[in-house]
Every structure is written in structure tokens, then in C-alpha cells.
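Residue numbers (this note's numbering), protein chains in the order written: chain A, 1 to 422; chain B, 1001 to 1286.
Honestly, the hints are just simulated from the structure, not real lab data. Among these hints, one or two may not hold up.
Keeping only pairs whose Cα atoms sit at most 30 Å apart, straight-line, the calculated DSSO-like set for lysine-lysine is [said to hold, decoys possible]:
1. B:1194 - A:245
2. A:412 - B:1049
3. B:1027 - A:108
4. A:146 - B:1041
5. B:1280 - A:108
6. A:167 - B:1138
7. A:167 - B:1077
8. A:142 - A:210
9. B:1280 - A:73
10. A:142 - B:1194
11. B:1027 - A:146
12. B:1041 - A:167
13. A:72 - A:243
14. B:1027 - A:243
15. A:73 - A:245
16. A:142 - B:1041
17. A:212 - A:73
18. B:1280 - A:142
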Amino acid sequence: MSQNVIEVIDLSKQYRLGQVGTTTLSDDLTRWWYKLKGKEDPFLKVGEENDRSTKGESNYVWALKDLNFSVKKGEVLGIVGNNGAGKSTLLKILSRTTSPTTGLYRIKGRVASLLEVGTGFHPDLTGRENVFLNGAILGMTKAEIKTNFDEIVAFSGVERYIDTPVKRYSSGMYVRLAFAVAAHLNPDILIVDEVLAVGDLDFQKKCLGKMKAVSNQGRTVLFVSHNLSAVKSLCSQVAFIDKGKLAEIGDTEKIINSYLNNNQQDSSLRRLFNEENEFENEEFKLLEYWVLPSNGRENIFVDSPLKIGFKFRIKKQLFSFYTGVHVNDLYEECAFITTEIPGPIGEGDYESSFEIPSHFLNDRTYVIDAYFVKNGNDIVMVAKKLIKFEVNDVQRLEGQFMGEYIGSVRPKLNWKTTKINT
Amino acid sequence: MAYENKNNDYWDIVVQPKSTFFQFDFKELWAYRDLILLMVKRDLTAVYKQTILGPLWMFIQPIFITIIYNFTFQQAKLSTDHIPSILFYLVGQTFWVFFADCLTKTSNTFISNAAVFGKVYFPRLVMPISIAISNFVKLGIQISLLAVFYFYYLITTDDLQPHWIFFPAILFFILLLCGFGLSLGILFSSVTTKYRDFNFLITFAVQLFMFLSCVIFPATMFSGTKQFVVLCNPVAGALEAIKYVLTGHGTYSVTLLLINSLITILFLILSVIMFNRTEKSFMDTV
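Looking at chain A on its own, in the form it has when it is part of the complex:
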């Protein structure tokens, strides 16, 4: 049982940035010249760590650098990390669609990779023909597909359209059929990349259930997802990849926590303004703002109540004044507006704050515009995109919806189900 079925040794992958094919000829020639002289590839020495947000010096970047880990038989390994950390690159290498730059890995058993559902579906062929074609692409033999065919069709729930070309399918039907084929692969090692994000609730449950069943049969699963609750409920081990390096690997609970902590926002959740700042005029001066989860945690979660407040100086007495905020999402769509009740205000320093209750915000990034207004609608000061903060998802209960919650907010409302007949 505790035999290693995947071993990854010093695995690295280098990518060249920018447009490939236009300026690489000179690099190719240099490389070829070094090879001719029997020297090491000069470009392997350069290259920087994989950090998507900072502009680098070199044209070469290490998407993965010196990865070492092993996976035991029957283990379900979750792989987490931020966008661009190298998760997908790792899966691509392990499923042999691209090769590593240095290092090696070895695998025991048959591997099936599900980096996408419906790979190789031909729009003009019928569902039936595509099941065979897709199954064969994924590594099944014709006989295997034949024996599983009825089950595949039943699992997909598109019996009725099985002899219709798949180009006439709705996108949901297409995905269902495609996943059904994939779900009936019987590999020793299954590599899955975020395929759960597709399909409706009912289908997602089916997929999760199928993946659980696969792991219960003692098969090994590698699973990449941003959906931490799915990772938590499925995986026994988690590898956290950060900037192309393996930051940590170990028990699910522990690694997910360190991943969340690593993911801390910059310190702009609280900011004290210097003497001079752009949010000052003859009537008003912004002194400070803060966004604080009030249950003492460092990160903001869906279940954290949030205290948001401003400290400002009023330089002239105003007859009627109020503070208000627009809470927007990243696409600058306003999620909601909240304001205080206007009232007269004298010279001096003030604090105004409000609290967003827990279980109100959704798990996404919000951007706050602050408005300071007098006399109904005269703007004293507006600070657009003043605060940006991210809300993290909490662990969801098993059996709950595992997909993405859409909508700007996710309020927990007072739901009740009662029996009305006796």
C-alpha cells in the first residue's frame, strides 16, 4: 500500500517569455553553438523565479524549479497555489504533454489525465462516435469502451441525443457526456485539473462522488483546484506550490492553513496618511482608514465580521455632512452602497465606521470608494479605489454546493423549512 507510484526528482521547467518564434532565432543559434562545443545550455543558468506580478530582468523564467516529491499508492494529492504558481505546468509535465527542462519523474501504472473534458470531440460526429473517439484518446481500448458504453451514457444523462452530432448539444450536455467518458477510465493514476467548475449542481455532486469512489478503490489521484473545500473533502495530502517551488507538502489541514496565511493581503488594509495627501482640500483631510476582520483573524473570510472605518479632519463647520462607501467588485460593478444618516458637523477630527456582518460578502476581491458629502449631494471629497481587500472562502460542509457562488454578495439569510401537512 505504501509503495511510491510517482516520484518527482529535481524537476524544473523553464519558459521563455514574450512572443516565441520571432526573436528566438539568435538564442537558438547560441544554444546550438554551445551544444556543438559540448557546453551546457547557457540559458539554463539565467531565468528568474516565477512571480507573475513583478517585471523581471530576464526573458527566461522558471515556471517550476527543483521540485521533489513522491506520491504513494492510493493517495489523493491536492495541489494548491495562486494563479501562475506552476500548478498546471506540473500537471502538464506529469501527463506528458510537455517535457521538463531538467530533472525527471517516473510513474508506475497507467495514467489518465483530465486537464480538460471533451478533448478531441469532433463537432460533426455523433455522441456515440465521440464517446469512442474520446475514450480512445484518453487511452481506453475499443473493447473497454464497448463494455462501459451503456454506463457512460447513463452517467451522462444524454441518452436521447446520443446519435445527434455533438455540435447540436447544449454546452452542459457536451460537458456531461465528456466527463462521463473520463469518469469511466480505469487508470491507476488520475490527474485532474479543475474540471469540477463545470456543469450544474447535480452534476458536480456526481463528479465529486465519482472522484471519491476512484480514490476509495485505492487509485492514486492528483487534483488541482482553487476550490479549497473540494480539496479538503477529497484529498489526504496537499502540496502547496508557490512561485514555481514546492513550498510545503503534508497533511491537508495544515497545508491549506499555511496556504491561506501565505496569501495575506498587502498591509493596505490599514493606512495612516502622512501630513500631505491627495485627499485634502480646504474643508476636509483624510487621516486614516482601516478594514479589520473583527474576530481577530489575520485574513478576511466569508465568516468574518468586518469593521471598516475612516479618520478625517473637518476644517470648516458644515451644516449637513455624511460619509458613504461604494463597495465594488473587481470589474467595478457596484455590489452595494452604504451611507450614514446626514447631520451637522463642526471643526475637529472625527472617526466614522461601520460593520459588515459575517456571512454577507462573497469570496472575492472588493474595492471600496469612499465618499464624503455635504448638503445632500455636494461632494466634499471622493477617494476612488481607496481600499482593496479579498475575502476568502471558508470550508464548506460536506454535501454542500462545491462550485463557485455567483453574485456580488452571499448573505446568510434566515432560511427555514417546515412541514405543512400533518
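Add chain B to chain A, keeping to what the hints say.
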């Protein structure tokens, strides 16, 4: 080896950046034979979906081309080497299209399958091989059309003096055409993944190549060294040889047979090497 395998475990897959220069894993390819067959089926059926005439197009195409060739090149009084002109053009066209299909359809293997190759691993040679097999099927169907015309002329005229004992050799020349076409196609597909310039080259290169390959004229149009050079091209050689076997009119020799085979084998080896090099990392450059 930098990484010693300490415990003598058996690993099914060991992946390292640098692998052997020339490798042809027939066992793996055999394991994917069902995929090859399904790909052939897809290639043959998918193109005729939503058509009324369906596979009949396989006959209509050569007939129309032959009619047009016959009309224009007979006006131009191009020699057909004592072979009835219709038969001459039909033979040339049938085998030329087979070669050209082997070349052009494999020449975009990597680019047109990038989406699939990027997501799933299977031996990449499955694609060119399945294309070759579907071309064989298509050729088989078109040869039946050719046979009808051939026997018509054989019975009604006495222009044809077939060399019956050499008939099995036709299969060899078909293989030669296929091998040469595939190797050129694979070479093109390997270089186009990185440098798309070759995409522009291939469309007109194939067109021009036809005029060098004894498709619309016989080799007897040339003489001496010129004729020899023209026939060194395996396509021209194979076409002349096939015509020689079928009709007794054609220019071929054992020397040419050796040269043509040698060129084809060299190109095949070169193409497998290039293909191996490309398939490892083409996803990063495509």
C-alpha cells in the same frame, strides 16, 4: 546517468528532458491501435457529414480533374507517351493526389492538433499514421475507378502492353509515395511549430512540385542527364514506374529504383528524428 535507480523497481514511465535520438516505440503505438483505427474512421466519415453525395466525391474529383487536364493539355499538344490521354492523366492524378494528401495533411499535424496534444498524451505518431491509413483507403477506392478505365482501354485498344509480372511492384511504389509524402509532411509539421514561415511555403511548394513530378507529362519529354535528374525525385520515379507496369510506356531502371528508395528512407529517418525532437516540447513553442 545522474539519477541512479537504487531499488530495482519497475517504472512504467520515466521522463527525462533528453531522450534518445532515434526512438520508435512500436509497442506503445500498438497499444493505441484502436485510437489509430478510430482516427481513420473519423477522417473518412467526418468530412462527408452533411453532404448529399458523400463518398461519391472521391470519384467526382479525379474525373473532373482528368477531364480538365485532358482538355487543356491536349490543346497544348503535350505528349502522353502513347498512352490514351484520359488514362494517362487519371493514373498521374490518382497517385499524385495520394502523395500530396500524405504530405499536406500531415504537414499541420502539430498545429491543428495542438489543442488535443496539449491536454492528453498519446503517441503523437498516431496522427500521421492514421492520416496515411485513411489516404490508403481513399486511394483504394479511387483505384477501383482507375481499374474501370484501365480495363476499358485494355480491351478496346491495343496501346497497352502491361507487364503483368511486375504488378505486385505497384504496391511497393505506392508505399514509396506514401513514405516520401509522410516524411516531407512530418518534416514540415516539425518546423512549422516554431517557425510559421513554412506554412506559406508548403501550399505553393506542393503545387510547383507537381510540375516536376511527371504527373501531366511523361519523362520522355526530357532526355539524358535532365531526364535522370527529374526521375531521381521519388514521386516522378514512382509514377513512371507505375505507368511502365500498367501500360508498358514509361522510363524506369533498377538504378532509379535504388536511388528513389534510398532518398525515401533517408527522409523517413530524418523525419522521425525531427518528430521525436519536436513532440517533446512543441507545446511550449507552438
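We went through each hint and held it up to the structure:
{"no.": "1", "hint": "B:1194 - A:245", "result": "holds, 28 Å"}
{"no.": "2", "hint": "A:412 - B:1049", "result": "violated, 52 Å"}
{"no.": "3", "hint": "B:1027 - A:108", "result": "holds, 17 Å"}
{"no.": "4", "hint": "A:146 - B:1041", "result": "holds, 16 Å"}
{"no.": "5", "hint": "B:1280 - A:108", "result": "holds, 20 Å"}
{"no.": "6", "hint": "A:167 - B:1138", "result": "holds, 26 Å"}
{"no.": "7", "hint": "A:167 - B:1077", "result": "violated, 50 Å"}
{"no.": "8", "hint": "A:142 - A:210", "result": "holds, 22 Å"}
{"no.": "9", "hint": "B:1280 - A:73", "result": "holds, 27 Å"}
{"no.": "10", "hint": "A:142 - B:1194", "result": "violated, 35 Å"}
{"no.": "11", "hint": "B:1027 - A:146", "result": "holds, 23 Å"}
{"no.": "12", "hint": "B:1041 - A:167", "result": "holds, 18 Å"}
{"no.": "13", "hint": "A:72 - A:243", "result": "holds, 25 Å"}
{"no.": "14", "hint": "B:1027 - A:243", "result": "violated, 39 Å"}
{"no.": "15", "hint": "A:73 - A:245", "result": "holds, 23 Å"}
{"no.": "16", "hint": "A:142 - B:1041", "result": "holds, 13 Å"}
{"no.": "17", "hint": "A:212 - A:73", "result": "holds, 15 Å"}
{"no.": "18", "hint": "B:1280 - A:142", "result": "holds, 27 Å"}
This entry does not satisfy hints 2, 7, 10, 14, going by the numbered hints stated previously.
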